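> Residues per chain are reported as follows:
Number of protein chains: 2
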Amino acid sequence: MDIVAELLNGSKLAISRAITTVENEYDEATEIMQKIYPNTGKAYVIGITGPPGAGKSTLTDKITKEYRSRGKSVGIIAVDPSSPFSGGAILGDRIRMNELTMDDGVFIRSMATRGSLGGMSRKTAEVVKILDAAGKDIVIIETVGVGQSEVDIVKTADTTLVVLVPGLGDDIQAIKAGILEIGDVFAINKADREGVERLNLEMEMMLDLDQSETAWRPKIMRTVASQNQGVVELVDAIEDHSTFLTQSGMLEKHRFERTRNEILAMLDEAIKIYLMKKVAGSKFESLTTEVNERKNDPYSAVKSVLSEVLK
Amino acid sequence: MDIVAELLNGSKLAISRAITTVENEYDEATEIMQKIYPNTGKAYVIGITGPPGAGKSTLTDKITKEYRSRGKSVGIIAVDPSSPFSGGAILGDRIRMNELTMDDGVFIRSMATRGSLGGMSRKTAEVVKILDAAGKDIVIIETVGVGQSEVDIVKTADTTLVVLVPGLGDDIQAIKAGILEIGDVFAINKADREGVERLNLEMEMMLDLDQSETAWRPKIMRTVASQNQGVVELVDAIEDHSTFLTQSGMLEKHRFERTRNEILAMLDEAIKIYLMKKVAGSKFESLTTEVNERKNDPYSAVKSVLSEVLK
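Order-wise, the sequence lines are chains X and C.
Count the first sequence with my numbering and you get residues 1 to 311, in order.
Count the second sequence with my numbering and you get residues 1 to 311, in order.
Simulated from the structure, these hints should not be mistaken for laboratory data.
Note that this is a predicted model, so its numbers are computed, not measured.
Treat the hints with caution; some may be incorrect.
As the list claims (entries may be wrong) - A few chain X residues that don't get close to chain C, going by computed Cβ distances all over 10 Å: (1) A5; (2) E23; (3) E25; (4) S69; (5) D137; (6) R198; (7) R217; (8) S226; (9) N228; (10) T243.
Stated by the list, open to error - For lysine to any residue, the following SDA-like pairs were computed, each having C-alpha atoms within a straight-line distance of at most 25 Å: (11) K295/C / T156/X; (12) K65/C / I220/C; (13) K278/C / I273/X; (14) K35/X / E25/X; (15) K272/C / V151/X; (16) K303/X / T40/C; (17) K283/C / R260/X; (18) K295/C / D2/X; (19) K278/C / E308/X; (20) K253/C / L264/C; (21) K295/C / G41/X; (22) K278/X / Y299/C; (23) K303/C / N24/X; (24) K65/C / E99/C; (25) K272/C / E308/C; (26) K295/C / M266/X; (27) K35/X / I273/X.
Each residue gets a CB set at the ideal place from its N, CA and C atoms; glycine is no exception.
Using the sequences and the accompanying hints, generate a full structural model.
Here you go:
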């Protein structure tokens, strides 16, 4: 099977195989990514994050159905970078229970890998490209939890949707502070619960405090995903943000910056690998021993390795 | 003032200044760190993490008092890597409300910086060294929240104490999965609350599932920090772990590995800085433009930069 040709044709099997190749870092991964790269940059990428229990999965499904009814194909990547133990199970359920898998215009894939943070967001970005090249109009990155790693991952999206829920208590509310700054659109989900007005007000106040000078003020929408309430309006809000980005030239600007950061991250990774090979030998071990025994200090050790490695 | 000499004498002012130097990445930071490095490696480092609301700060204070009554001096670093907004306020309270600041054998410092994750754990490790060189017998790293970044930070500790609390609900319980594997000692705090038996049982079951073959089985202790209950026993458990590490040779092994990882992290950082300088020019911008416009792919771009930079 010619994975690249089939993938560009939108074959689910080819998409699956390409993702597996990237996930497991098989040798052919780079070649595939290199070949499909010219066909990327067309999909609109939506990142969805928020605390556990906010109903992100259900909302993602409803958003996907709404996009389907608007004639768009959708790729979904469910990512769980933080919990190596629980992750698999949660994501397993996520896939099993999903009727969307029957729809040919939808591709769903979960990713839950041990391994480095950087690796995870790099891999997510590559899976986005695979779905993009395969012709998906919309690619949704859905995170299981919320944290720095999730923030890093959704940063690769064009529009970030932050899902909140009333009445999760002060501990969870505290988390909001960190994710407020990344949201372009907010969904207060389970909006039939008590506390929705208070949460809405708090959110508005926090947005008022935001000093950043972008012309886009994040929209706060209310949804009851389980009953499909507010989903059309939510997708409209996402589309409004998309239109804003396109017309203001910020979409292009952001994507340029992301390309830049991506190349830098890849450089960093490549250098790390080079470094590991270069210093893997006994010389580095004896250097470490010297430092560990306080016969040398790490700063001088770093200097001496650098002089060997860099031009 | 000769910061290094004063610091090695244990001067609070010198410690403070040295930390500020490291935090703000002043030029003299490396020189100070290099000079004090031979005097490090003596302190025993304890990492304390757990979900918000578990009572980590109160417990840290009680543990500190217990160590003081055992004749040990203590340095405390309260770290909040994840919430740039709320962090300052929380940590401000942490310091203000603390009577320990009056004790000459205790030094408390909070760190809440924007900036990269890697940077934060690197800086925390340097502050540990400062307190170590200043003669603190025990250095406690206390995190405000729990997440991948906190996990990375407490990984630099000899003993990791994970603080849990009964009845925080399923969302928070789910977080446990990720921190279970890093705990050497667990404290079920607020153990006068309902649900303590269930949490204890759950924890034991999770530990039974743990396949790793270390001879140390994490201890689960119960505390009511606000009433100073169970703190003596908790500190005993930490000391048991310390004795285990020392006698089994694992303390030395772990510290060697940490030295290794530290040098690698520093190398990585140094190369990143070198790279940023080297590629900051217009050539890199035009390369990014080519990639962004799909006239080139990021993999080839990375290759061409590497060939310029590496020996």
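> Determine for every hint whether it applies to the structure shown.
Right, here's what the structure says about each hint:
no.: 1; hint: A5; verdict: 17 Å, holds
no.: 2; hint: E23; verdict: 17 Å, holds
no.: 3; hint: E25; verdict: 14 Å, holds
no.: 4; hint: S69; verdict: 31 Å, holds
no.: 5; hint: D137; verdict: 18 Å, holds
no.: 6; hint: R198; verdict: 18 Å, holds
no.: 7; hint: R217; verdict: 18 Å, holds
no.: 8; hint: S226; verdict: 17 Å, holds
no.: 9; hint: N228; verdict: 24 Å, holds
no.: 10; hint: T243; verdict: 21 Å, holds
no.: 11; hint: K295/C / T156/X; verdict: 21 Å, holds
no.: 12; hint: K65/C / I220/C; verdict: 21 Å, holds
no.: 13; hint: K278/C / I273/X; verdict: 19 Å, holds
no.: 14; hint: K35/X / E25/X; verdict: 16 Å, holds
no.: 15; hint: K272/C / V151/X; verdict: 22 Å, holds
no.: 16; hint: K303/X / T40/C; verdict: 20 Å, holds
no.: 17; hint: K283/C / R260/X; verdict: 12 Å, holds
no.: 18; hint: K295/C / D2/X; verdict: 23 Å, holds
no.: 19; hint: K278/C / E308/X; verdict: 17 Å, holds
no.: 20; hint: K253/C / L264/C; verdict: 17 Å, holds
no.: 21; hint: K295/C / G41/X; verdict: 12 Å, holds
no.: 22; hint: K278/X / Y299/C; verdict: 21 Å, holds
no.: 23; hint: K303/C / N24/X; verdict: 21 Å, holds
no.: 24; hint: K65/C / E99/C; verdict: 11 Å, holds
no.: 25; hint: K272/C / E308/C; verdict: 14 Å, holds
no.: 26; hint: K295/C / M266/X; verdict: 18 Å, holds
no.: 27; hint: K35/X / I273/X; verdict: 23 Å, holds
Consistency note: the structure conflicts with none of the earlier hints.
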